[in-house]
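Visitor: Residue numbers (numbering that gives the first Met the number 0), protein chains in the order written: chain W, 0 to 381; chain L, 0 to 326.
Check before you lean on any hint, since a few could be wrong.
What the hints assert, rightly or not - Which stretches of chain W does chain L cover? Using the computed rule of at least three CB atoms under 8 Å from a CB of chain L, they are:
1. 127–133
2. 148–157
3. 167–180
4. 194–200
Because the hints were derived from the structure by calculation, they are not lab data. Nothing here was measured: the structure is a model prediction, and the numbers come from that model. Note that CB positions come from ideal geometry on N, CA and C, so glycine has one too.
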Amino acid sequence: MSNNIEMPVWLSQKFKEYYSKNFIEIDQIEKREFGFGTYDKKIEYRHVSFSSNKDFNTKLAQDGPLYVSYSAAYYASPAARPMQKKEWLGADLVFDLDAHQDSILISPEELEKLKSKLFLLIDILENDFGISKTKIKINFSGSRGFHLRVFDEDFKTLGRYARKEIVDYIDAIGLDLSKFFYIENKNIVGPKLSDWGYSGKLASTLYSILSDESKASKYFGKALELEKFKQKYLDGLKNGNWTFLAAKLSKSPTLNLSNAAKNLIEKLQLILEREGPNIFSKVDTDANVTVDTSKLLRAENTLHGGSGLIAKTIFDLAGFEPLKDSLAFSMKKTLTVQVLSDIPAYEFGNMSFEKLEKQKKVELPEAYAIYLACKKLVLVVE
Amino acid sequence: MNRNEFNLEFLSHYPFLAEAKKYVDSLKLELDDSILELGKKRLEEGIASGLKPIVELNEESFKNSILAYAASRLILSNWKNIYIRQRMAIAESKLARHYLSTENFENLKTIAEEFKISFSVEKDLVYIDVVSYLKYAPKDIHYKLLFIPLKEGKVKLTKDQLTRVLEEAIRARLEVLAPVSLASNKIQQIIKELSSSIPKHRIDQIKINSQDFPPCIKKLIAQLSSSINVSHYGRVALAIYLIKAGYSNEQIQKIFSFAPDYNFETTNYQIEFIRKKNYNMFSCATMDSLGLCIADCKCSNPSLFRRKLHLFNAQKSVLAEDEEYVK
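One chain only, chain W, in its complex shape:
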């Protein structure tokens, strides 16, 4: 190899090698729209379709595209343009979770945090929406996050508004607590433990806070004389009568029910804001991806041109380690690279790498060299 290796061409060549050895299978491929990207642009061209997985894999092995995406949607004519001519038939329900990080290198810690959000999402999909785990597929995005796809015929036909409703539910967007309370027969009636949906979640949240002495005193302080009245508060949450709790929180000596309810709701709002992600599931999914029923998403098990990692289908989420389990290239073969900018010490593929200084030439395992080359931090020289 010469010193003037064209990185886009060289990377594409490496990707071709991967695709010639790995067969990628897409569900109902003939109804999907595809998009492909280059070194400089994640989607360079779209409106492409394939009649079979075989044709698709031939294209991958021949062209070695750096990015491969396909539609969550199913179309009668996926390659037709403009969009209306494609004839939308439905779309998988998809979720995109991305880590918020500034570093150019993938942070395994951030991805680990994201995994717990993903578990929350799966929990809501299963327990609230009744979607069986067998209909859920998760894959690593190949970079900073995860994609979750629901393959369920019923959900497929939902439009944008319905999908926005699902996102709002999952991320509790627009949750107005006052909607759960009303005054009836001189009582403040509100959520109870047996309630479904957010009403039940609210009651059980309060129940667990009141049952936890340190948390209860943190939010309700002495005003509640906790020990003396705790059982009464807890009973109130069981039967949905919040009058006693509201009365104790009320600063006024004479109880005005509507003021007491208002005061109670303000207090609950404060608790939820503070306990936020721990209580009401804040999955922080990218709403646009879920709502946009013609969005293209990275094809699972293809390579991500910004990392050289596999957008791997995940079967064991808890045990999944992106920087170990989604390597496409060898950690044994080595390549010489020229470092383009300082790279901090980093753990990659079960190995620890020291800090790499700008302009130095170093020998690195192929997989790590490709990872850094995709991030434009090194040039492969030989």
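Given the coordinates of chain W, assemble chain L onto it according to the supplied hints.
Guide: The following block gives chain L in isolation, referenced to the frame of chain W:
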């Protein structure tokens, strides 16, 4: 099926059911002017003030009502007017809801099945699958999924909520018309006559500088002017915005007059109510949660859009100058 086996009273309440179509087919009638006149009357009533329940409770009256519906659909199919189509879909679905509210659960099930909605009942509460709910739930904050009991893919509704969901399912169904090429002279004549009853004024007759409005407001106006049904909160947002923008009741009425379910008195009452309460414009976050936000305008409230836009343009002009300087 023998003609006598049809429950005409039931079908006259829900003439959009497949069973009603079967009944009409079973009559083997020639499509004559008298039947088309029934359809015309139904359209006149629906467009003008909404459909009224049947007054004369006899077989002849039920039969005529079913035929009137069938004929009105035939006329609508030939009348390429989205406003009328939506207004009639609302009128028909509202009339259906009037009857639905008095039905027992067994009959409600029969009607729901038509829309592939199945539900179970326990202690007067209805359990329906979340997908059916999401498809037909009204775009109204009270029906937002966040506030609805949801567990293991089922939502729990009251009977009244169910009938509102069914009303939406009926409306959505009736907005779609089968393409029909049969357009007799009589149908053309009826369409011509009825056309004169549609409001003729256009939105562009009043002075709106649409450049000044944020994208969300522009979209709401565009939807109304195309007679696309806008949610209750969308209308409230639009009314608040227009009031704050200094529009008179009359000018606001003109914009709302294209709503498929437009009613002068109701609109006037609501505009006056919003004026009296002096509501603040919804924030962008609220607009977003109501599904009304359509663009990233980088402002916190639609009423601040112009100011933000000017600021943004000002910054951009500085940057452009910088670039020129570098070159």
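Visitor: Find the hints from earlier in the document that the structure breaks and name them by number, from lowest to highest.
Guide: none
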